[in-house]
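> These are the residues of each chain, in order.
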Amino acid sequence: MNKGKPKLNQYSIETQKLNLFYGKTPVLKEVNLQIKRGLVTSIIGPSGSGKTSFLTVLNRLTDLIPAARVDGSVFVNGENLFAPDVDTIQLRRRVGMIFQKPVPFPFSIQKNMVLPLREHGMKDRRQQAERVETVLRDVGLWEEVKDRLSHSAGLLSGGQQQRLCIARALALKPEILLMDEPCSALDPISTAAIESLIQSLKGRYTIVIVTHNLAQARRISDETAFFWNVEGIGQLVESAPTEILFEAPADPLTKAYVHGIRG
Amino acid sequence: MILVAASSNLTNKIKQGLILSLSIYLGGMSFAARNAHADPSESQLVLTGSSTVAPLAAEIAHHFEKMHRQVRVDVQTGGSSRGIADARRGLADIGMVSRHLKPAEEHLWEFPIAYDGITLIVHKSNPVDGLSNNEVREIYQGRINNWKMLGGRDAPITVVNKAAGHSTLELFTDYFHLKQQEIRASVIIGDNAQGIKTVAGNPDAIAYVSIGAAAYDSGQGLPIKLLPVDQVSPTLFNLQSGKFPILRPLNLVTLEVPEGWVKKFIQFARSPEMKSIIQEQYFVPRPD
Amino acid sequence: MSLARTERMLYAGCRLASICSGLIVLFIGFFLFKESLPLLLKINPMRFLNDPGWHPTEGQFGLFPMFAGSLLITVGAMIVAAPLGIILAVFCRFFAPRKIANAYQALLSVLSGIPSVVFGLWGLVVLAPIIRHVQPPGVSLLAGVLVLAVMILPTIALSANAAMTSVPFEYLQGAAALGFSKWQRVWGVAIPAARPGIVTGMILGAGRAIGETMVVLMVCGNVVQVPDSVFDPVRTLTANIALEMSYALSDHRAALFVSGLMLLFVVMGFVAISESIRAKVIEK
Amino acid sequence: MLCTGVAVGVGLFFFWLIGDIFLKGAPGITWEFLWDEPENAGRKGGIAPVLVSTAAILLVTLGTAVPIGFGTAVFLAEFSQGKTTLGRMVRRALDVLASVPSIIFGLFGNAVFSHWMGLGFSILSGGLTLACMVLPILIRTIEAGLRAVPLSTRLSAAALGLSRVAVLRDLIFPAAVPSLAAGLLLGLGRALSETAALIFTSGYVSRMPESLLDSGRSLSVHIYDLAMNVPGGDTHAYASAWVLIVLLFSINGLTALCLDHWGKTRMRGL
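Chains as they are written, first to last, in the numbering used here: chain A, 3 to 265; chain B, 935 to 1222; chain C, 6 to 289; chain D, 3 to 272.
Because the hints were derived from the structure by calculation, they are not lab data. Even glycine gets a Cβ: it sits at the ideal position worked out from N, Cα and C. Errors might be hidden in some of the hints.
With a straight-line cut-off of 30 Å between C-alpha atoms, the simulated BS3-like cross-links for lysine-lysine are [what the hints assert, rightly or not]:
no., chain 1, residue 1, chain 2, residue 2
1, B, K1113, C, K285
2, B, K1209, D, K46
3, A, K26, C, K285
4, B, K1000, D, K46
5, B, K1159, B, K1082
6, A, K103, A, K204
7, D, K46, B, K1058
8, A, K31, A, K113
Every beta carbon over 12 Å from chain D, so not counted as near; a handful from chain B, in silico [stated by the list, open to error]:
no., residue
9, M1001
10, L1025
11, S1066
12, L1105
13, H1111
14, E1116
15, L1156
16, L1161
17, F1171
18, T1188
19, E1190
20, P1192
21, K1209
Covered stretches of chain C (in silico footprint by chain B; criterion: 3 or more residues with CB under 8 Å from a CB of chain B, positions within the stretch not fixed) [stated by the list, open to error]:
no., region
22, 141-150
23, 223-229
24, 240-251
Whole structure, please, built from the sequences with the hints as guidance.
Have a look at this one:
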């Protein structure tokens, strides 16, 4: 992985003819998508159009699903994701992921934050504490939790838990952050907090966010990709800068969807 | 047969592997470490076999251990056949056998330590005081099945028989000319003690057991009664004089010529000092 | 890279452990067979059923009376325990106030934890003398059936209760809406709906009964015979092994392993039946 | 009415049974009984060597079964997820093993450990035999505990780039500790109640064992021997049964506590 700095191009992630199967069932077909560095890209589309599956390919969480099989190619920062010498652990450090439901580990806030750091080789306690404080400030959680870092993370509210999960991922200094409907389990106030957090992260990270909420996609993203379910198989219909996709989509299907006619 | 040979070859290999890994595992166990003296067989004697000999052997072992603190003697019952088998296979250092060796067993070394008789026992409250040999036969064949037929109470007879493999059973059937197949029993027992316990707990039961065991327990106050056989009472005197009809030796057997502790133990068991202990157990010491 | 090695070692260790635990059952089968083989090769296997008696030292290997004993005891225990178990479950589920039902279930689970040797002790010291007053010798098929029934009753009652608890409430509500009385709701709706669970519990109990050794060894008298009445003593396959194993030699020993194999087959049969029931339920 | 009648009848019967053992056993329980060696075939004296042998047998049992059982449970729950052929076969084999009667384990132990390996009638033979017997229940309980860690936790741990070893060590094992304890206690209870498998593997010498290769009489075998083979042994048989049952009840209570605690921590975690 460290054989010289890879050449940075405009795209953070690039997929070519990406197909995904669960056993024999195809889930994604021929997805060609380019995701630009430092921008927020949202992925929209109806249920079953393979949005979440697409995200899990990008950090190879598909490896954990025994029957999943990928073909086609995916490049992250120009490197082939499925090359034989890829260290998935390093990969996942660089490509963070946030899930629909916040998943704090069943121990203290402190340990939630520190465990991944320690695993990635940061053993020094002072360094750890610094990093934890920085990212907790980034997600706006520091003031709320600084006095109770040793409390169980399970006691936080849903919104706080989700921000903790984001902080946990940010602590590893990822380059890319994948978010799978991060607000769908949250109340409007928490949602607003997360949205402004995403806005503040823009530029520093490449963010890919799956959302059901078209208004949200419009509010926060620079680029939008639209997936559709064709006979049970997810396909990319089109991708474009958000404004264009919503105002002047190329595909009639997109137009119908964003105007709420179908789906 | 080829299959069998091949499998035994394979099993030997598995066996070696298992034993190896097991011994490594054992090495790690602190409990075993406690016992890390050079050669355990030097200081442990295992006696298995006849349930008749076992109490006596245990008592002798007790005294033997007092004299030789470094030796531990374990006594386990299981019948004379097991005594023979374990001695043969080396599972026991000494087998206990309460009968003469059979022709097929004569490669073993036999050391009688005492003599014992077999008699019939009934509950103390049973009015019947004696049975002819024929009556015993018919009771065990199921032809006499009520004590009334023998002048006792009107109650069905609970016939207690020994499980196959016990020499007491063989001697009993030989003496009364019974075939094992024709015995109609109500309860099958293993040890002598179990027979005594069954009779003590059941006023209508009859069993045949070692005189030593029965007399000992009767002396302890258990409600059992020893019946004469062929009108000869099971007294020590009758046993010693050889008058009592069902007599047998109590043997210690070994596979090899006894050496070391085994030899010392057998000599000790046969020494004159053990006579009183043998008599305490209601067995008959060897004539001098 | 060292992390990957740790993972590989962990994987290899766990794999090895599971191969070990998987092999045990094969080992058991193999060894039972291996120890039986000398005798199986020597005599016609049908003789285990046809020989007139069990005199292994005299070359007679009739296991049939023991086989019958095992089956009779199991069937008898089921006849006593199954209705009682179902009734107890119905009581706990439908008739008892909640607190009493909970206490009763606690009592049942306490009983299911009592070791069989203690049941045997009780049967030998308390029950057998009572039976002897009715009809000697006391240690008998009946004693075995009763003690075993007590022993498996908690298993049956608890699993029947669990099965009835999982009957959807809507069924009972629906039946009530149709004007069914409580009895009709219980016997007509709840029990049929819970039948697979009840039957599985019964098979579990039967498996436990046929495999039980200590109780039958202690209270059944151990006479090798097909009994004429419930007051006759019997010997089961399990008791036969326990009684004679410690001193059995050569052919005799092999014959005991044959009876072990026989027992294993019977129990496997039970497992297969309960599996097929479970499979059917899942299919539905 | 029928139901209530039967329930009351059966309940009374059960109380009679339990009461019989407790009332007849309790008077025999003294410090001397627990401290002394048995005398006169167990009619007099105590059960100290029996307790020591029992403990030693259980130690061997758990010492053997826990590593193998834990490894198997981890394999089944974490590495195979029941989807590999090996995983399926092992699970199947364990289901069968769980239904094998204990006397068969006795035969097996006698043939393999006592004779084939030449361990004779010893605590080691008995303990290893029981280890085979308690494996299924141990594995099932531990596996259930491991599986109770939700997929979402595993996925998000993986997404943070935690290695499998780290996930197991930091997330899954801690969460499975109560179930491990519960499995251990269940296995302990099963092993403690077992008699038939021990009679001809660990034998019944009632003396203080000095090594694992000595024969040792377990508490349950002691009860059996006193009840069956010792005229006048009933009093001490009852007292020993009392001890055994009290031990088992304590173990069951602890198991319930473990599972209860487990339930609570799970809930708190989410």
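> Decide, holds or violated, for the assertion that all CB atoms of chain D are farther than 12 Å from the CB of B/T1188.
At about 17 Å from chain D, B/T1188 clears the 12 Å cut-off, so the statement holds.
> At 12 Å, judged by beta carbons, does B/M1001 keep clear of chain D as stated?
17 Å, holds
> Find the nearest Cβ of chain D to the Cβ of B/K1209 and say whether that gap is larger than 12 Å.
With a cut-off of 12 Å, B/K1209 remains clear of chain D, as the shortest Cβ separation is near 22 Å.
> Counting residues of the region 240-251 of chain C with a beta carbon closer than 8 Å to any beta carbon of chain B, are there 3 or more?
holds (count 4)
> Is D/K46 close enough to B/K1058, meaning Cα to Cα at most 30 Å?
24 Å, holds
> Check the hint pairing B/K1000 with D/K46 against an upper bound of 30 Å on the C-alpha distance.
Since the Cα atoms of B/K1000 and D/K46 sit roughly 21 Å apart, the hinted pair holds (cutoff 30 Å).
> How does the coverage statement for the region 141-150 of chain C fare against chain B, requiring three or more residues with Cβ below 8 Å from a Cβ of that chain?
holds (count 4)
> If you draw a straight line from the CA of A/K26 to the CA of C/K285, is it 30 Å or shorter?
27 Å, holds
> At 12 Å, judged by beta carbons, does B/E1116 keep clear of chain D as stated?
Given that every Cβ of chain D is farther than 12 Å from that of B/E1116, nearest at about 26 Å, it holds.
> Starting from B/K1113, check that the Cα of C/K285 is at most 30 Å away, please.
53 Å, violated
> Should the label of B/F1171 as a non-interface residue stand, given a Cβ cut-off of 12 Å to chain D?
25 Å, holds
> Given the hint that B/K1159 pairs with B/K1082, test it: the Cα-Cα distance must not exceed 30 Å.
Within the cut-off at roughly 18 Å; holds.
Checked against the numbered hints given earlier, the structure breaks hints 1, 8, 10, 15 and satisfies all the rest.
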